[in-house]
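Chain order of the listed sequences is A and B. Numbered according to our numbering, the first sequence spans residues 1 to 204. Numbered according to our numbering, the second sequence spans residues 1 to 60.
Hints listed in this document are in silico derivations from the structure and should not be mistaken for laboratory results. Quick caveat: nothing in here was measured; it's all calculated off a predicted structure. Among the hints, erroneous ones may be present.
From the structure, some residues in chain B lie toward chain A, with a derived Cβ separation under 7 Å [claimed, not checked]:
1. His25
2. Gln34
3. Ser48
4. Cys50
Straight-line C-alpha distance at most 25 Å; calculated SDA-like pairs for lysine to any residue [as the list claims (entries may be wrong)]:
5. A:Lys70 / A:Ala173
6. A:Lys10 / A:Asp153
7. A:Lys10 / A:Ala171
8. A:Lys10 / B:Asp24
9. A:Lys70 / A:Gly172
10. A:Lys10 / B:Arg27
11. A:Lys10 / A:Arg182
12. A:Lys10 / B:Gln34
13. A:Lys10 / B:Ala20
14. A:Lys180 / B:Ala21
15. A:Lys10 / B:Gly15
16. A:Lys10 / B:Asn36
17. A:Lys10 / B:Ala21
18. A:Lys70 / B:Asp37
19. A:Lys10 / B:Asp37
20. A:Lys70 / B:Asn36
21. A:Lys70 / B:Arg27
22. A:Lys70 / B:Val17
23. A:Lys180 / A:Val199
24. A:Lys70 / B:Thr29
25. A:Lys10 / A:Asp130
26. A:Lys123 / A:Lys70
27. A:Lys70 / B:Ala18
Yeah, the Cβ is synthetic: ideal placement off N, Cα and C, and Gly gets one too.
Here is how the chains run, residue by residue.
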Amino acid sequence: MQSGLSSPSKQYAINILEALSIFADTQSNLVLDVLEGQTPHENEKFPTGELNFAGSGWRGFYHCHAAADKNPEEHGHFHLFVCCGEEQWTHVAALSIDNQGQPRSWFTVNQWVTGANWLSANKTLLLLDDIHVPAESGLTEQFLLSMLGLYHDDLSELLFERDRRLTQINAGANMDVTLKNRSVYVLSSQLIVLQERLVQSVRT
Amino acid sequence: MEHKYNRWIMGTAIGVVAIAAMIDHTRHTLPTAQPNDIVIIDDESDASPCSLDVSPCSLD
Chain A
1 MQSGLSSPSK QYAINILEAL SIFADTQSNL VLDVLEGQTP HENEKFPTGE
51 LNFAGSGWRG FYHCHAAADK NPEEHGHFHL FVCCGEEQWT HVAALSIDNQ
101 GQPRSWFTVN QWVTGANWLS ANKTLLLLDD IHVPAESGLT EQFLLSMLGL
151 YHDDLSELLF ERDRRLTQIN AGANMDVTLK NRSVYVLSSQ LIVLQERLVQ
201 SVRT
Chain B
1 MEHKYNRWIM GTAIGVVAIA AMIDHTRHTL PTAQPNDIVI IDDESDASPC
51 SLDVSPCSLD
């Protein structure tokens, strides 16, 4: 991993490129890395033992929903959680992956989907500042943590949009009911063109 | 292992073509997720399908 570069975005971009270079050389990618040669089953979580990001306060996993329940352009997605207290976790966002193993979008979900602690966008964003990528991180962990850093501003927008949507849907009713409303699933999303973002970031 | 792309990253002139080539070399068709044959008796109808907690879909 690189350090001492001119901007945090550039450093995150270099970290991602470093992981991509190894994936390219080993004919792998984010998803093949966590599948470790296994055939996924619907709702099965990968990798075995989850992603713990070298104990840096993040957890995550990859899974695929049933074909009938998902966008055909999506293979599956990584759910990413950040520590918000002792043994307490909050969901930040999910990274949707296409059928070729490439990031396709970020999205946020309602509380019932991930079941973790619910924090407002403002409080969640405090936990996203200065994301550190530990040297001990696995390749996929390095990639994902760096994606969180590289897309910090986009995730900020997504989280605020998530909260706005919830407020609109809630319309003054009991928020606890809305957070558990199973007809409300994805609350905000944004398509990703990673190549463009990497090019922009390494030129800064 | 020597990684041929690392030279491009470490250099000062990584460009659009190099990044595109690197990404292209990570495109691999992923195995289709198979239907889950395990019958789950859901006695916890409020379970979150994407949670970290102990659940039919948990890592724990």
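Evaluated hints:
no. : hint                : result
1   : His25               : 4 Å, holds
2   : Gln34               : 5 Å, holds
3   : Ser48               : 3 Å, holds
4   : Cys50               : 5 Å, holds
5   : A:Lys70 / A:Ala173  : 29 Å, violated
6   : A:Lys10 / A:Asp153  : 14 Å, holds
7   : A:Lys10 / A:Ala171  : 41 Å, violated
8   : A:Lys10 / B:Asp24   : 21 Å, holds
9   : A:Lys70 / A:Gly172  : 31 Å, violated
10  : A:Lys10 / B:Arg27   : 23 Å, holds
11  : A:Lys10 / A:Arg182  : 39 Å, violated
12  : A:Lys10 / B:Gln34   : 39 Å, violated
13  : A:Lys10 / B:Ala20   : 17 Å, holds
14  : A:Lys180 / B:Ala21  : 44 Å, violated
15  : A:Lys10 / B:Gly15   : 13 Å, holds
16  : A:Lys10 / B:Asn36   : 41 Å, violated
17  : A:Lys10 / B:Ala21   : 19 Å, holds
18  : A:Lys70 / B:Asp37   : 19 Å, holds
19  : A:Lys10 / B:Asp37   : 45 Å, violated
20  : A:Lys70 / B:Asn36   : 15 Å, holds
21  : A:Lys70 / B:Arg27   : 21 Å, holds
22  : A:Lys70 / B:Val17   : 33 Å, violated
23  : A:Lys180 / A:Val199 : 40 Å, violated
24  : A:Lys70 / B:Thr29   : 17 Å, holds
25  : A:Lys10 / A:Asp130  : 13 Å, holds
26  : A:Lys123 / A:Lys70  : 30 Å, violated
27  : A:Lys70 / B:Ala18   : 33 Å, violated
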